[in-house]
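**Q** Turn these sequences into a full structure, and let the hints guide you.
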Amino acid sequence: MSTILQYQLKLCLSTTRTTSYNTIFNKYINCRIPRAYFVDNSKAKAAPTTANVPSDCGDGLEKKQAILQWKPTPSTDEGSLVQQYLKLSKIRLTTLVVITSMAGYAVAPAPFEWGGFGLCILGTGLLSSAANAVNQFHETPFDAQMSRTKHRVIVCGKITPLHAMSFAAVSSLCGLSTLYFGVNGLTATLGLTNLILYTAIYTPLKRISILNTWVGSIVGAIPPLMGWAACANTLGPGAWLMAALLYSWQFPHFNALSWNLRPDYSRAGYRMMAVTNPGLCRRVALRHTVALQGLCLLAPLLDTTNWWFVLETLPVNTYFIYLAYQFYKDS
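In this note's numbering, the protein residues as written are 2 to 332.
None of these hints come from the bench; they were simulated from the model. It is possible that part of the hints are untrue.
Cβ pair distances, simulated, as ranges [claimed, not checked]: (1) L303 with T190: 21 to 29 Å; (2) W308 with G158: 55 to 63 Å; (3) P110 with I209: 39 to 47 Å; (4) S81 with D331: 18 to 26 Å; (5) S267 with T306: 16 to 24 Å; (6) R93 with T306: 25 to 33 Å; (7) L193 with D304: 46 to 54 Å; (8) S178 with I100: 21 to 29 Å; (9) K330 with D304: 15 to 23 Å; (10) L281 with I322: 15 to 23 Å; (11) E313 with S178: 47 to 55 Å; (12) T190 with D304: 22 to 30 Å.
Virtual Cβ for every residue (Gly too), placed ideally from N, Cα, C.
**A** Below, the structure is given as structure tokens:
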């Protein structure tokens, strides 16, 4: 019995010593190593913007919070820079703008000249690239708050604001010079008007009034006028009809797009119909969808095309009106 008691006593003393040693060791470690230097491996992949850094390595001294600032260095690689320029130009949107100007040039009642056609494409593309670069420059702090735009090149630091504006200045000067000296003054005037409308009126108006959508639709309607003017050096009824078609088309297009992006636009502070007046957004989309059919009926009356055009567009416009009505009724 005494042997069992002796064994239990030894086991108890051993456990007590181990606990005491662990306590002393932990206290020693905590005293000798500042807590700020401990690394949590579970968060090693994170990139914190702040860290607690001790003011001295001594024991018991106060620790102050230091802000760690990091900014990516823009790449100077030529291949990468070209890609950033394409993104800064919103190359897909610029391509669509150029295509509408090509359509205006192709249907204008004047001799088709490949040289003038190519210069019109080049000048229009350069002006569109400049306008998009200026737009991104102005909207950088707001783009950073939107999921759709937070990866744009200026927001991410891939191109500096000064670099972007330099690109815009060179593109606009080259584009205007190409249109004025290579095409004609009317086309250059239309291009300059569109550049001013987009950068100086439409872009700031997005945060002021829902009228920005109407101004933006005018901007989208001008490129076919530029193409027509580049070919014929004048603007006939067909040119204005094409502009009207594009003007009306943009309302159902953009209103439906902005409807799905309401949280983003609201967070960034943009005054869009879908955010401030959803009912008006749906009504305007439906009205201009119906207007598209009316404009197609007007085309043969203006002697810009024949009645086959009306028959060919009727099924498409009917389905378009059906979709717009569903948007109006169910959204």
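**Q** Now tell me if each hint is right for this structure.
**A** For each hint, the structure was consulted:
no.	hint	in the structure
1	L303 with T190: 21 to 29 Å	holds (24 Å)
2	W308 with G158: 55 to 63 Å	holds (56 Å)
3	P110 with I209: 39 to 47 Å	holds (41 Å)
4	S81 with D331: 18 to 26 Å	violated (45 Å)
5	S267 with T306: 16 to 24 Å	violated (43 Å)
6	R93 with T306: 25 to 33 Å	holds (29 Å)
7	L193 with D304: 46 to 54 Å	violated (31 Å)
8	S178 with I100: 21 to 29 Å	holds (23 Å)
9	K330 with D304: 15 to 23 Å	violated (38 Å)
10	L281 with I322: 15 to 23 Å	holds (19 Å)
11	E313 with S178: 47 to 55 Å	violated (40 Å)
12	T190 with D304: 22 to 30 Å	holds (26 Å)
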